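J.: Model the full assembly from the supplied sequences, consistent with the hints where possible.
Which chain is which? The protein sequence lines are A and B, in order. Using my numbering, you'd call the opening residue of the first sequence number -10 and step up by one each time. Using my numbering, you'd call the opening residue of the second sequence number 404 and step up by one each time.
Hints are computed from structural coordinates only; laboratory data are not their basis. Careful, some of the hints might be misleading.
Computed list of chain A residues with no C-beta within reach of chain B, every gap over 12 angstroms [what the hints assert, rightly or not]:
| id | residue |
| --- | --- |
| 1 | Ile(-6) |
| 2 | Ala1 |
| 3 | Asn15 |
| 4 | Ser29 |
| 5 | Leu33 |
| 6 | Trp40 |
Not everything, but these chain A residues come out facing chain B in the computed CB check (under 10 angstroms) [unchecked claim]:
| id | residue |
| --- | --- |
| 7 | Asn(-8) |
| 8 | Phe(-4) |
| 9 | Ser0 |
| 10 | Val45 |
| 11 | Met63 |
Ranges between beta-carbon positions, derived for each pair [unchecked claim]:
| id | chain 1 | residue 1 | chain 2 | residue 2 | range |
| --- | --- | --- | --- | --- | --- |
| 12 | A | Val11 | B | Phe726 | 45 to 55 angstroms |
| 13 | A | Ile98 | B | Val714 | 34 to 44 angstroms |
| 14 | B | Glu489 | A | Val156 | 54 to 64 angstroms |
| 15 | A | Phe133 | B | Met429 | 35 to 45 angstroms |
| 16 | A | Gly129 | B | Pro450 | 48 to 58 angstroms |
| 17 | A | Leu132 | B | Phe694 | 32 to 42 angstroms |
| 18 | B | Val626 | A | Ala83 | 51 to 61 angstroms |
| 19 | A | Ala139 | B | Ile446 | 36 to 46 angstroms |
| 20 | B | Leu767 | A | Val156 | 32 to 42 angstroms |
| 21 | A | Gly129 | B | Met429 | 49 to 59 angstroms |
Nothing here was measured: the structure is a model prediction, and the numbers come from that model. Backbone N, C-alpha and C fix where the C-beta goes; we use that ideal spot for every residue, glycine too.
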Amino acid sequence: MVNDILFYLLSAVAVGAALALVCVRNPLTSAMCLLLTIVSAAGLFGLLDAWFLAIVQILVYAGAVVVLFLFVTMMVDTDDMPRIKVSWAGGVAAVISFLLVGTIFVSVIIHAGQSVPALPELGSNPENTLAFGQTVKSYGQLLFTKYMLAFQLTGVLLLMAMLGVIVLSKRMNAEGRVEPSAPKK
Amino acid sequence: MLLTDNMWLQLLLDLVFAGVVLGVIMGIAGYTVLAERKVASWIQERPGPNRASIPFIVAIPVIGRFLQRIGFFQLIADGAKFLFKEEPTPRHTHRFYYVLAPMLALIPPVIVISVLPFGVWWYEGQVRPLAIANVDIGLLLVLAIGSLGLYGSVLGGWASNNKFSYMGAIRAGAQLISYELAMGLAVLPVVIWAAMPGTTGGLNMMSIVESQGTLWNVIWQPVAALVFLVALFAETGRLPFDMVESETDLVSGPSTEYGAFKFGLFYFAEYINLVIGSALFTLLFLGGWNFLPFVPAPWPENFFGSVCTVVWFTLKTFGMIFFFLWMRWTLPRFRYDQVMRIGWGMLVPLAVVNLIAYALIIPLVDKFLK
Chain A
-10 MVNDILFYLL SAVAVGAALA LVCVRNPLTS AMCLLLTIVS AAGLFGLLDA
40 WFLAIVQILV YAGAVVVLFL FVTMMVDTDD MPRIKVSWAG GVAAVISFLL
90 VGTIFVSVII HAGQSVPALP ELGSNPENTL AFGQTVKSYG QLLFTKYMLA
140 FQLTGVLLLM AMLGVIVLSK RMNAEGRVEP SAPKK
Chain B
404 MLLTDNMWLQ LLLDLVFAGV VLGVIMGIAG YTVLAERKVA SWIQERPGPN
454 RASIPFIVAI PVIGRFLQRI GFFQLIADGA KFLFKEEPTP RHTHRFYYVL
504 APMLALIPPV IVISVLPFGV WWYEGQVRPL AIANVDIGLL LVLAIGSLGL
554 YGSVLGGWAS NNKFSYMGAI RAGAQLISYE LAMGLAVLPV VIWAAMPGTT
604 GGLNMMSIVE SQGTLWNVIW QPVAALVFLV ALFAETGRLP FDMVESETDL
654 VSGPSTEYGA FKFGLFYFAE YINLVIGSAL FTLLFLGGWN FLPFVPAPWP
704 ENFFGSVCTV VWFTLKTFGM IFFFLWMRWT LPRFRYDQVM RIGWGMLVPL
754 AVVNLIAYAL IIPLVDKFLK
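T.: So, in structure tokens, the structure goes:
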């Protein structure tokens, strides 16, 4: 019963904050709404007994990513933000993506009858040779056995993003040395 | 702690226990403020706070005067001052975030307290940690929730709408994110060591302390300890890394525009962070409640033994707190560019090399020396 109440509460906060995130004018408030969404999503992970995911969600997104967003939005003068005019193509793209997301929602609702077992139930099932469970150790084992390929590919992707930042932000001179970025005049 | 089968009674017991632990740690944090002033005064050869007194208690022959001289009542005077001061709110602030920021500064460290074990007790032949919550991922939780304290300074600095506060907020963001990385990398070898083959521990604080039964991590992994300690100074904003509120160039950083109890919350959060940081270093590197390096714990397995572990752990933590205070009044402040160079140029590479080295050494030790 408590879990149900918590679920509806957290979902309401997550959805409400996500709506506010796109509707609010002040970018800093948007960033804080994103924070609220992430923390409520972490709470939802917690309700599923996936404590590790909940904490990693907070550690990575709330602790680092949103801080960087705040960092950037703090530099922006929030008082004279220009209103963005929605172009014709942009509007069409928005409608199409909304329909696509809607399709996902509908398919989830249709399949909701065939419920997926929660993590602890998977763990107690003797047919599962892989260690599903709440402990961190089982996450580690899964990550390094069943999902090894996805794990490695994600690593490569992140490395590429990191290299891309270095290439874009550093200027090389003719001798191949990195030049310090010149101050704007 | 599971003592009874009655759910409501158990809940009540848990709440009382959590309340007592929070109260004690808040008290310690409060007296750390006093300790800071006293240590500063001793280092600078002056008496420090020695006037505040409560009439009847001071009249007790020897003890009363002694308590007054060490400034024992100063905390009550300070607290009352914070409560009764006029509380001006500058007109140019962003009101909502201005009020929210001190709360966001104080809440995360208070949550972190819940997972720090401070002793053990023996129940039905099992060793159990004395902590409000003994969670599987204790260390991760400490790092994750601890990193949220940053929002207090960042939002406070932005909402104050003042150049100095704003600069402080920017510095807070940059410094804390930079040093978090070094800190996380430094604890990884400790976690690998604690996750011995055949156990499910590792990230659990209890298993980390148990892995240092006779060999403390500060001896066995000195580089990790050094990196962690320096990063801890930076994360708690203690003096050699006092960039966020360095009073010579930023007045008081994000807390410049705050007065009365709102300022008190920022101030208090800083000292709770200091206490938690000391406790964390004790748990991770100084063997927690284990007796001495190379000496097995002599605690008897009963109530008296539990008290011993708590007292011993508290003494070590107080030692670390003293070390923090001592450093503050000994070392000059780094420049901002130096802080960044130390973080990214020295600590992170050192922590990575240390991690790779111990990732190779620990399996060999597990295989051949055990």
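J.: Hint by hint, work out which the structure violates, then give me just those numbers in ascending order.
T.: 3, 6, 7, 8, 9, 13, 19 and 21
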